Amino acid sequence: MEKKLWQHIIQVRNTSPLIHNITNYVVMNNTANALLAVGASPIMAHAKSEVEEMVTLSHALVINIGTLDEYWTESMFIASKKADSVKKPWVLDPVGAGATSYRDTVLNQLLFFKPTVIRGNASEIIALAKTADVVTKGVDSTAISTEAIEAARNLHAKTGAIICISGETDIIISQNQCIYLKNGNSMMTKVTGLGCTASALIAAFIAVVDHKTEAVAAAMSLLSIAGELAANESAGPGSLQTHILDKLYNITEHEFLTHLKIVQS
Amino acid sequence: MEKKLWQHIIQVRNTSPLIHNITNYVVMNNTANALLAVGASPIMAHAKSEVEEMVTLSHALVINIGTLDEYWTESMFIASKKADSVKKPWVLDPVGAGATSYRDTVLNQLLFFKPTVIRGNASEIIALAKTADVVTKGVDSTAISTEAIEAARNLHAKTGAIICISGETDIIISQNQCIYLKNGNSMMTKVTGLGCTASALIAAFIAVVDHKTEAVAAAMSLLSIAGELAANESAGPGSLQTHILDKLYNITEHEFLTHLKIVQS
Amino acid sequence: MEKKLWQHIIQVRNTSPLIHNITNYVVMNNTANALLAVGASPIMAHAKSEVEEMVTLSHALVINIGTLDEYWTESMFIASKKADSVKKPWVLDPVGAGATSYRDTVLNQLLFFKPTVIRGNASEIIALAKTADVVTKGVDSTAISTEAIEAARNLHAKTGAIICISGETDIIISQNQCIYLKNGNSMMTKVTGLGCTASALIAAFIAVVDHKTEAVAAAMSLLSIAGELAANESAGPGSLQTHILDKLYNITEHEFLTHLKIVQS
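Protein chains in written order, with the numbering used here: chain A, 1 to 265; chain B, 1 to 265; chain C, 1 to 265.
No distinction is drawn between identical chains; accordingly, a pair holds when it is met within one copy or between any pair of copies.
In the BS3-like style, the derived pairs of lysine-lysine whose C-alpha atoms are separated by at most 27 Å in a straight line are:
| hint | residue 1 | residue 2 |
| --- | --- | --- |
| 1 | K48 | K81 |
| 2 | K130 | K48 |
| 3 | K182 | K3 |
| 4 | K212 | K81 |
Honestly, the hints are just simulated from the structure, not real lab data. From a predicted model like this one, the values you see are computed outputs, not experimental measurements.
Using the sequences and the accompanying hints, generate a full structural model.
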């Protein structure tokens, strides 16, 4: 599988998919730069007057609710509904799921339009599962990751979406696969929006790669390895934010394959 | 007092307060990164449907009017009113006070909800005092800093807020204290939004430090010293923006204490 | 002319014009930082309640439709109408012209308020000319640049605006002049929003330089040379974004004049 992941990275570089982002204000600049760095083309557009046209001309869509409000959520509904109806792959990033009842209401509606992939941290995935009325036993959970994996399996069963739980180990759950990625560096948690970047990169990969689970694994491992290599030459999170973009742009096959830590079950 | 300021920095690192920001588009990314770098956790949220819940679950609030509009100001009113009613400390950053009548009207209303701290540059503090119908003699002022200090004293007397005037020398004015901080580097004026970063860091410190005036002094001195040290290794303001984040993250007690220039009266 | 361009750069540094930006979320931070780096003062403000006042107190205006919506376009109309009526120079950046019918409708209305300069890439200028019912022959075009130049000439004839087509070669078209600038580096296309930065810098230069075509040439050549020099010391687009700001700030006359590649016809 390792070689395939690299081929997917090359495919994104060669085909330059157009990725439509309805995302949060905090991360827009970094998200656009990360997409450019891996070879994709970003569009940020949220006007109700144009989001349907934008979905049509793009190759994939990202919905990230980080700084949602009543106008933006309407745009998100229009765009995700359109993506579902014209079969464009799309990624849901449920930022802050569980933090407010408003977020949970919006997320529940977004699930209706069948995201191709949902990426969040463990607590977001657990909260989203509750929102979607997916019962997790809880009692049997001996650790948050166990609870998150169960939530992810149930979310997948209910929605059909590939679920990606990001964290110290990234876990990707789909019908027949469970992939564990063990790359990254703890300093990455001190850079805002790298989770949002991950969601955008996933969109770039599912836009052009047929095997969607591999696409998610390629996007996540690319970002984590880039972060790991960038952290080695960064005095702090400011430099890390900059160097990750450099590494997404100039990473070599050798660097990628020698650092990749992937486990499948 | 010097040792206490460092203890406050450690306290923020150890307690990781959740800081709710209703701030401007220009600085959101840097603000979030600066909060992460000092050990706090940022939330950016402005939807009227959720700001009250966000205030409740956060440890402090920042209201920054930099790119205000009619919707956002409503959110600011709801959030600051809530913060006042549940006794959450909050910081007002009156960006562009005096520039338009709209800003002054909004600021006057925000003062009604009793900010814990107000931070602005000298001209903003002077404009805000006028907005609040605090008369400054003007005639006696021999320099802008004299006028700003008088405006700050009168603003403090009227609102109860600690007033922080930022500039080449930062001046912190409260009931019984006047603190002068003489750190920083002139290149910091060429990086957008470091004033906004200061306001966000103040929120992180008043969230967990009981002595609010010391909390403000700790936040302001931390940022100024980080800027001073970062400027020494920066070829220009692009690098400086990056290196300040690194230094906020990795500054040591020795660096902080040997550079701190503080005068009390 | 080369010496004059450098004098214009010095004039911006010395006079620090106030530039009002109604621009897109993705680039606001970099735009503000680029304006500060060249010595100008940025204001970002879009509230309908204050944009007229902001236009009045600024020295030039930028309208950039990158992340437009119904509210923001109203603000853009109010601001550009005001700029036209009080004779403030303003720059139109038609981001994504031709991508959706909504963008084209908005652009057509903005043209009514007579932008001083329009800057876009070749496809945006061609799309804008179509929107403005400027017929381009098309048939005679042997290359996109030929078509873009014809579109620019026709747009200039219809609107009176100086047209700047940015790309590998930047082309500036006005009444009696056609200027070609051949600086830059291909890695600049991997940094989001450098076109938007160009538009903002143009505003800073037309704010204070009487000869508007030279002002545009000075802004464009400054950014391209800064990008060229910054690329030489950048491992990727993350570093490039940072180093361009440094170079805009510290570029010397010698660096500028020895690298400038300008052709007039």
